[in-house]
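Chemist: Kindly produce the complete structure, drawing on both the sequences and the hints.
There are 2 protein chains.
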Amino acid sequence: MTQDQINGLIVDRALAGHRVVRLKGGDPFVFGRGGEEALACVRAGVPFEVVPGVTSALAVPAYAGIPVTHRGVTQDFAVVSAHLDPSMPGASVDWESLAKGPGTLVLLMAVAHLEAISSELIKRGRAGTTPVAVIRDGTMPTQQVLTSTLEHVAADAARQEVRPPAVVVIGDVVGLRDQLGGTA
Amino acid sequence: MTQDQINGLIVDRALAGHRVVRLKGGDPFVFGRGGEEALACVRAGVPFEVVPGVTSALAVPAYAGIPVTHRGVTQDFAVVSAHLDPSMPGASVDWESLAKGPGTLVLLMAVAHLEAISSELIKRGRAGTTPVAVIRDGTMPTQQVLTSTLEHVAADAARQEVRPPAVVVIGDVVGLRDQLGGTA
Chain A
1 MTQDQINGLI VDRALAGHRV VRLKGGDPFV FGRGGEEALA CVRAGVPFEV
51 VPGVTSALAV PAYAGIPVTH RGVTQDFAVV SAHLDPSMPG ASVDWESLAK
101 GPGTLVLLMA VAHLEAISSE LIKRGRAGTT PVAVIRDGTM PTQQVLTSTL
151 EHVAADAARQ EVRPPAVVVI GDVVGLRDQL GGTA
Chain B
1 MTQDQINGLI VDRALAGHRV VRLKGGDPFV FGRGGEEALA CVRAGVPFEV
51 VPGVTSALAV PAYAGIPVTH RGVTQDFAVV SAHLDPSMPG ASVDWESLAK
101 GPGTLVLLMA VAHLEAISSE LIKRGRAGTT PVAVIRDGTM PTQQVLTSTL
151 EHVAADAARQ EVRPPAVVVI GDVVGLRDQL GGTA
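If you read the protein sequences in the order shown, they are chains A and B.
Per this note's numbering, the first sequence runs over residues 1 to 184.
Per this note's numbering, the second sequence runs over residues 1 to 184.
Take the hints with a grain of salt, since some may be wrong.
Here are the computed lysine-lysine pairs in the DSS-like style, where the Cα-Cα straight-line distance is at most 25 Å [unchecked claim]:
id	chain 1	residue 1	chain 2	residue 2
1	B	K123	B	K100
2	A	K123	B	K100
3	A	K100	B	K100
4	A	K100	B	K123
5	A	K100	A	K123
Hints were generated in silico from the structure; no laboratory data involved.
Bear in mind the structure is a predicted one, so any value in this text is a computation, not a measurement.
Modeler: Following this line, the structure appears as structure tokens:
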């Protein structure tokens, strides 16, 4: 089902007089296309309400024992969709600025490009020794967490055959997992 | 009550045999000091579980009709605690990289420094015409949303006497509020 078809279905059912609940995993406004569905409602004159959810970008690290912020470690974090969308004209992730910031990076859909991404970040200024975690099946009984460093993570992930989807966390907060990951 | 006292209370009650629930607004691992409380438990041998929540950094923009990501607009966002903590040795927010990134910026505790922050971002490369929203009492019946641009927001906020705390959103996604803000 394409996004256009989903938008159309929501609007059609609403205009037919039904109360429509569009339930999503995660947060509808964090890479959830909730904005597109809301805009379709606006154009059709359908009133709506958006209920925020718990995004995997933050919850998956938390369950792996990694707070995205921690006093004395980082005051900011960035969340990036690292699956480049070729339909996005002229737009791309600015790895230069992501490399230089001091904060935590949370990458979604990054496993396929882990080699290129880690090389790019190192080339642009992140230390190769920066701790990295690759979390697969986050929060599930089957959860697997690979910890490594920026310079070794691509090879380590390939060796352990980590398959997408996974959440990648880059930054010194990953080091807290040694203490917080055991019981979380 | 200081953070140390809170940590001590959690641990004391747990060691006394009680089941302790530490309830927080927002997400405990997003500027919530949850990591510090969890570390205190680890040190005391107290088992714990962390339950992620809905952070104001994402929910407040959502209720104001602003998705932090939107296809064709941005593939990333950063969340920053803009209240500089002088106790953090040598650390500060890297405004250079935040200015250069293409994505959405969500600033918490930024109202007091809005003039300095907006000037810094413009000086380092963000367009002065970038849309900005300042959301006070987010999600509450008393919610107030000021929309402006990076070059004018500090003066506008001062004129309207916006007082902290507020959530500041910077980026083209703010423009979606014109369509999504009416019913959300």
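Chemist: It remains to establish, for every hint, whether it holds in the given structure.
Modeler: Against the structure, the hints:
{"no.": "1", "hint": "K123/B x K100/B", "in the structure": "10 Å, holds"}
{"no.": "2", "hint": "K123/A x K100/B", "in the structure": "17 Å, holds"}
{"no.": "3", "hint": "K100/A x K100/B", "in the structure": "10 Å, holds"}
{"no.": "4", "hint": "K100/A x K123/B", "in the structure": "17 Å, holds"}
{"no.": "5", "hint": "K100/A x K123/A", "in the structure": "10 Å, holds"}
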